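*Asks:* Required output: the full structure, derived from the provided sequences and hints.
2 protein chains.
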Amino acid sequence: MTIATPSRRAETSTPISEVMANRWSPRSFDPTVEVSESTITAALEAARWAPSASNTQPWRFIVARRGTPEHATIVENLMGFNQVWAETAAVLIVNIAVTKTEDGTPLRWAEYDLGQAVSHLSLQAHRDGLHVHQMGGILADGLSAAFGLSDELEPVSVTALGVLGAPENLPEKLRLREIAPRERKPLDELLIVTA
Amino acid sequence: MTIATPSRRAETSTPISEVMANRWSPRSFDPTVEVSESTITAALEAARWAPSASNTQPWRFIVARRGTPEHATIVENLMGFNQVWAETAAVLIVNIAVTKTEDGTPLRWAEYDLGQAVSHLSLQAHRDGLHVHQMGGILADGLSAAFGLSDELEPVSVTALGVLGAPENLPEKLRLREIAPRERKPLDELLIVTA
Chain Z
1 MTIATPSRRA
11 ETSTPISEVM
21 ANRWSPRSFD
31 PTVEVSESTI
41 TAALEAARWA
51 PSASNTQPWR
61 FIVARRGTPE
71 HATIVENLMG
81 FNQVWAETAA
91 VLIVNIAVTK
101 TEDGTPLRWA
111 EYDLGQAVSH
121 LSLQAHRDGL
131 HVHQMGGILA
141 DGLSAAFGLS
151 DELEPVSVTA
161 LGVLGAPENL
171 PEKLRLREIA
181 PRERKPLDEL
191 LIVTA
Chain C
1 MTIATPSRRA
11 ETSTPISEVM
21 ANRWSPRSFD
31 PTVEVSESTI
41 TAALEAARWA
51 PSASNTQPWR
61 FIVARRGTPE
71 HATIVENLMG
81 FNQVWAETAA
91 VLIVNIAVTK
101 TEDGTPLRWA
111 EYDLGQAVSH
121 LSLQAHRDGL
131 HVHQMGGILA
141 DGLSAAFGLS
151 DELEPVSVTA
161 LGVLGAPENL
171 PEKLRLREIA
181 PRERKPLDEL
191 LIVTA
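If you read the sequences in order, they're chains Z and C. Sequential numbering of the first sequence, starting at 1, is according to full-length UniProt numbering. Sequential numbering of the second sequence, starting at 1, is according to full-length UniProt numbering.
Each hint should be verified, as a subset may be incorrect.
Claimed, not checked - Quick list of in silico lysine-lysine cross-link-like pairs, BS3-like style, CA-CA up to 27 angstroms: (1) Lys100/C - Lys100/Z; (2) Lys185/C - Lys173/C; (3) Lys100/C - Lys185/Z; (4) Lys185/Z - Lys173/Z.
Hints in this document: simulated from the structure, not taken from any laboratory. Nothing here was measured: the structure is a model prediction, and the numbers come from that model.
*Replies:* Here it is in structure tokens:
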């Protein structure tokens with residue numbers, strides 16, 4: 001039996017781009033489908049060309065395909081139920097902020113800029129027929145140790161990327177989340193001042 | 001005399017979406033053209049539907065049209081040469097992170113998530129024919145004081161948004177930057193591990 005999935009499309013007061021309206025973060029990925037190398041490269045190139053403060057580009061990535069030891073290492077360093085579903089993603093990417101320059105100067109906008117780069121990556125991947133789910137629930141210290149990251153490199157999140165799977169493949173609790181309506185605060189609540 | 005502007009298009013090893021390839025951050029905005037209300041709304045809606053950690057949506061905005069006292073207040077709180085060019089932007093937006101919940105719990109990914117929301121906003125605006133330039137060089141305390149922001153609200157950056165102007169309208173130093181080739185680190189440098 002197929003579960004009817006309600007529309008995942010964003011409800012907006014005025015139209016926004018298709019890729020943004022249709023992007024959402026699933027937990028069910030098809031565990032058998034590979035992602036083509038050119039699709040992974042396009043996603044990384046999109047991240048590469050994101051804007052950043054003084055063009056410092058304070059982002060680095062660990063990219064691991066399913067079936068590699070590195071993929072398994074990333075899964076081991078996810079928290080709680082993220083481990084349950086993320087291991088099926090074709091690609092896991094550790095999103096790393098460069099928090100200071102070589103001479104020790106803090107890069108104030110490192111995390112903000114990293115967020116922009118991962119946003120570019122996600123939208124490019126979605127445009128190319130994939131789905132993306134970012135996780136904040138990671139063991140940053142464990143990832144740093146496992147991959148021997150130097151002090152200025154800070155794992156901030158992990159991106160799961162792959163082909164959308166069926167909600168039925170998830171345990172019940174996650175299945176219900178997968179098909180629940182998408183929600184956001186009303187726009188008015190986000191605008192402190194409009195002038 | 002018109003200065004020939006070299007292509008601002010991103011050079012990538014594999015094609016990426018048009019809007020990302022063509023997006024760049026100018027400093028010359030047309031000081032006479034208004035931005036339609038629907039275009040501003042679309043950009044804000046795009047931000048609204050960005051992903052965030054546990055869907056906390058830790059972003060708020062102060063939106064000010066050119067000619068309002070609020071626009072002037074934002075310009076006053078820009079650093080250095082940002083004041084020279086940003087006052088011509090049709091809209092200035094203060095991008096604010098919500099750094100903790102009402103009960104004081106820190107929102108670890110507030111700045112990262114804000115970066116994603118502003119990325120969505122920028123790409124939507126660019127798709128709608130505008131250009132966007134984000135500034136980290138702001139007086140955050142000055143903005144907080146001027147707009148009476150509570151403690152958990154942190155101004156992180158300001159977005160200038162409007163219709164692209166001619167490079168000739170800028171002072172020489174900025175004009176040279178405006179037409180310089182766009183650059184990024186090679187992709188290899190960004191990938192700590194590929195597996």
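*Asks:* All the hints need checking, so say for each whether the structure fits it.
*Replies:* Each hint, compared with the structure:
no., hint, verdict
1, Lys100/C - Lys100/Z, "holds, 24 angstroms"
2, Lys185/C - Lys173/C, "holds, 24 angstroms"
3, Lys100/C - Lys185/Z, "holds, 17 angstroms"
4, Lys185/Z - Lys173/Z, "holds, 24 angstroms"
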